[in-house]
Amino acid sequence: MINDRSDAAFADRALDRLPAASPAPEFEAALLAAYDGWQSRRPAGPWAGLQGALRAFSDLVWPGAPLWAPASAFAVALLLGVGLGVMLPGIGGQRMPFSLEQTPGFTLISPDLEEDL
Amino acid sequence: MHDPDAEDVAGAGRGDRAAAARLIARHSPKLLTVARRMLGGQAEAEDAVQDVFLKLWTHAARWQPGKAKFETWLYRVTLNACYDRLRRRGTEPLEAAAAVPDDRPGPDAGLDDVVLARQVEAALGELPERQRAAILLCHFRDCGNVDAAEIMGLSVEALESLLARGRRALRGRLAHLKDFAGE
Chain X
1 MINDRSDAAF ADRALDRLPA ASPAPEFEAA LLAAYDGWQS RRPAGPWAGL QGALRAFSDL
61 VWPGAPLWAP ASAFAVALLL GVGLGVMLPG IGGQRMPFSL EQTPGFTLIS PDLEEDL
Chain H
1 MHDPDAEDVA GAGRGDRAAA ARLIARHSPK LLTVARRMLG GQAEAEDAVQ DVFLKLWTHA
61 ARWQPGKAKF ETWLYRVTLN ACYDRLRRRG TEPLEAAAAV PDDRPGPDAG LDDVVLARQV
121 EAALGELPER QRAAILLCHF RDCGNVDAAE IMGLSVEALE SLLARGRRAL RGRLAHLKDF
181 AGE
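Protein sequence lines, in the order shown, are assigned to chains X and H. Here the numbering used here is used: position 44 in the first sequence is 44, and no number is missing along the way. Here the numbering used here is used: position 42 in the second sequence is 42, and no number is missing along the way.
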């Protein structure tokens, strides 16, 4: 614990020696210009809503990722699932633990219950 | 949970340029500092922060206040942008990138300060990226361990472990400079 605190103090002192990476005014202006560019390219019309909904769903699945990333993951998972379903169709059927034709019998455990019935 | 950025994010999403300018002024300096230290070069850090703000504008219109703190999201996106660039960099050694002399020290900065800063930066660049990110978040963003853990998607215990290992490794790499570091 003491070592951790001493390491932390050392690291803080070392990092304090680094010069500040302050953004140049041109950099902030470039960021604002990018905002203006984005504003002018914003989709409008009937497709804007659909695009927004797609992007919202994409954010829900994979926050911050570009649209193609969750779409690709979904496509790979779908292909894998379909592939396995086609290649190995019998697995599920062979391992069914019971069937409707052979319903298991049951016995009443308590003799009192049997009398009640 | 009051989010001081919520109004400006919503405003930027509606096309309010002044709100966008306020977000840029408030967050770009620290984001750039973290990206600069993660990536080791000013130009690449500026590109990464540009990407982050572009992503911010596209998400601003759909931002739901109260779901997550905006700043947490912003730093998480910044770290992811840095990780992507580090991975894309592939075989290029981090030390080489960290040695790019694009930090301009002030005219009163002595040679020792410049040399020391380069060595600290190189040592930082040699750390595994997640250890580096944990150290940078806690130092330059002044955030507590809980915030930093949330940004990195870790438990507080895991973050503390990363921090401890990272700081120990940094100290080991800079042990020969302990006089400069004030020990």
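No lab work stands behind these hints: they were computed from the structure. These figures come from a predicted structure and were not determined experimentally. Check each hint, because a few of them may be wrong.
As the list claims (entries may be wrong) - Listing some non-contacts, in silico: residues in chain H with all C-beta distances to chain X over 10 angstroms: (1) E7; (2) R88; (3) E150; (4) R171.
Claimed, not checked - Restraint ranges, calculated between C-beta atoms of paired labels, are given here: (5) X/A71 to H/S161: 52 to 62 angstroms; (6) X/P63 to H/D16: 46 to 56 angstroms; (7) X/G81 to H/A43: 38 to 48 angstroms; (8) X/L50 to H/D16: 32 to 42 angstroms; (9) H/S161 to X/G52: 35 to 45 angstroms; (10) H/E129 to X/P63: 13 to 23 angstroms; (11) H/L54 to X/A77: 22 to 32 angstroms; (12) X/P25 to H/E126: 27 to 37 angstroms; (13) H/G172 to X/A71: 24 to 34 angstroms.
Each residue gets a CB set at the ideal place from its N, CA and C atoms; glycine is no exception.
Do the hints match the structure? See the list:
1. For H/E7, the requirement that its beta carbon stay farther than 10 angstroms from each beta carbon of chain X is met, with the minimum near 16 angstroms.
2. Consistency note on H/R88: stated as away from chain X, and its beta-carbon is indeed over 10 angstroms from all of that chain's, at 14 angstroms minimum.
3. Listed as a non-interface residue, H/E150 keeps its Cβ farther than 10 angstroms from every Cβ of chain X; the least gap is roughly 13 angstroms.
4. For H/R171, the shortest C-beta to C-beta distance to chain X comes to about 5 angstroms, within the 10 angstroms cut-off, and the non-interface label is violated.
5. Against the hinted window of 52 to 62 angstroms, the Cβ-Cβ separation of X/A71 and H/S161 comes to about 35 angstroms, which falls outside the hint.
6. The beta-carbon spacing between X/P63 and H/D16, approximately 24 angstroms, falls outside the hinted interval of 46 to 56 angstroms.
7. Between X/G81 and H/A43 the CB atoms are about 44 angstroms apart, so this pair conforms to the stated range of 38 to 48 angstroms.
8. A hinted range of 32 to 42 angstroms is violated for the C-beta pair X/L50 and H/D16, which are about 25 angstroms apart.
9. For the pair H/S161 and X/G52, the supplied restraint of 35 to 45 angstroms holds, since their beta-carbon distance comes to about 40 angstroms.
10. Checked against the hint of 13 to 23 angstroms, the pair H/E129 and X/P63 passes, with Cβ atoms roughly 20 angstroms apart.
11. Hint check: H/L54 to X/A77, Cβ distance near 29 angstroms, so the stated range 22 to 32 angstroms holds.
12. Look at X/P25 against H/E126: about 33 angstroms separates their beta carbons, and that is inside 27 to 37 angstroms.
13. In this structure the hint that H/G172 and X/A71 lie 24 to 34 angstroms apart at CB is violated, the actual value being about 44 angstroms.
Of the hints listed earlier, those the structure fails to meet are numbers 4, 5, 6, 8 and 13, in rising order.
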